Every structure is written in structure tokens, then in C-alpha cells.
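*Asks:* Sequence:
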Amino acid sequence: MPRDDPNGDQTPIDYQICSYAGSRLSFRGPAVALERPFVAVLGGAETFGKYVPAPYAALLAEWIDLPVANFGVAQAGLSLFSEEPWLLDACSRAEVTVIQVLGAQNMSNRLYSVHSRRNDRFLSVSPALRDMFPDVDFSGINFTGHLLATLATQSRASFQVLVDELKWAWVQRMRRVLDLIQGDIILLWMSERCPDRGGNRHDQEEPHYVDRQMLNAVADKVAGIVEVVAERNQPKLDGMIFGEGEADAAMRLPGPFAHLQAAEKLAIALSEVRGAAGQQMRGPAPGSKLFNQFGHG
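Here my numbering is used: the first residue of the sequence shown is 62, the next is one more, and so on.
Listed next, the in silico DSBU-like pairs over lysine-lysine satisfying Cα-Cα at most 30 Å (straight line): (1) Lys326 <-> Lys228; (2) Lys326 <-> Lys282; (3) Lys282 <-> Lys228.
Label-pair ranges, simulated between beta-carbon atoms: (4) Leu241 <-> Thr214: 29 to 39 Å; (5) Ser87 <-> Ala310: 12 to 22 Å; (6) Arg97 <-> Ser177: 23 to 33 Å.
Honestly, the hints are just simulated from the structure, not real lab data.
On a predicted model such as this, the values are computed, not experimentally measured, just so you know.
No residue lacks a Cβ here, since even glycine has one placed at the ideal position from N, Cα and C.
Using the sequences and the hints, build the whole thing.
*Replies:* Okay, here's the thing in C-alpha cells:
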């Protein structure tokens, strides 16, 4: 039942799932008229806003008075973004594109391949990876998380070679995605750790295996990088809506306060990119759903 509803009578979230002509993917709505000015946001479950009534895309739209197309896809990785022509074209038509920094494990590389749409699904292993981990039976592994957790218990040296490959592949793939999208791009780091801390362990917070050095390696391709690092003492589940047995899954995703922080920081970044740094941001209108959600007034 919902976290903040002990009586269990709170209405489940209506994600307003929508699709766009020419795309094979489904997204969180409301749908945006792409023939008019809009901002695009790309990302995974965090951008989609699972368990959150108002994700940062919806909040951002209130701040900048411009429609925001939420192209967040659960289980997405850079493989999905780089191999989806419709998505790249849609983002190229946007005023600005925001790309959530995703982990390096959910994408095909020289050592293993993943599903084209469900990038968290492990498909095949290269001969080189088999040679690196000869004692591992890959036949029972279906997901990248399971794969990396299993390999992390084997040879430390071999696992570091794998991590180095993931990091290299992430930089190459991210630079390719950034090259394929026309217009201004802002990267969004949304995590419980800052990019200066870690990035080598399989059990760290998302985005897995991504660190400051990797962000610096793609910084020349973007207009800016916005960092939202959730404080560990934040009441994370407050305001999230999830069913029985979903609390652990909800804990792994950002809550409403983190989404509010992301929207505020992105609104400032977008105003600077669009040459309107001196303009006052509107913010959620009094009485609106988004205004009331965060207890303003």
C-alpha cells in the first residue's frame, strides 16, 4: 500500500503512459506536442519517476513554462539511446535536451551484449570474458546486475579489467549519443553519491561504475552538468506511492524531494543555456497540484 496512507485508500499513480508516432517505446505522459517548442529529458527509471506522483520533468515544466517530454524508460541504458533513431531525432528538435547519467553496466560492450530495449537483460558473453572467468557458468545469468555481482566474487584483477572496459565503453557510447543529438544538452547526475566518490564497485549507488573522470571526458560535448546528490538523512519514502512488497524497490529510487531539487537546478541551468538568466522563474502556481504536493504556502 502507499507509504503515506495507513488506510490504504490512496489512489495509485496514473503514469499516463503514452506513445508517439514512429516510436516503438512507451513513455510517461502527458504526451507533448513535438511540433511545438519543448524540452526533452532522457533517462531511466529515475527520470520516468516510478513511485513519484510528480517527477522532475513535470515540475520543470511548471518552472520554465514550456512543455517537457519525459522520455524516461525503465531498464534503459546508453545502448537504447544510441540505437533508437526516433528518440535521437525527437531530442534534436527540442529546445534543450536533458540526459540523466546512466550506469555503465546496462549497455553492450566488447565483453558482453544486452537486449536492445531492456538494457538490463544480459544476452551473450564474448570468448574473452569466458577466458577471464573460466569458473563461471554464464548459462543461468539473465541480468547485468546478477552478472556483475557474480563476477565481482571471482578474480579481482579480471573484474577490474571488466570495469575498465565498461568505463571506456561508456565514454565512447556517451560521446556518440551526444554527437547524434543536435542542439544544447545538459547532463543530469541524480544519485545518492557524488561523482567524486567511488565508481568501481558493483554494489554502489547508481549510476554504476560512472565517476567524475568519465563526466569530464564528455564535458566538452554538453552545455552543462547538473548534480543532484540526495542527502542520506532525507525521508526518502515520504510522498512516494507504492504497493505492498515494493518498498525495497522504492528505496532504490529518488523520492519527491530529490525530484524537486532536480527541477529547481535544471530550471536555472536551462535559463542560462537559453540566454534568459536574468528572467525570473515562474515556479509552480499557487493552488496547482505540483505546488500543493510540496507543502508550499
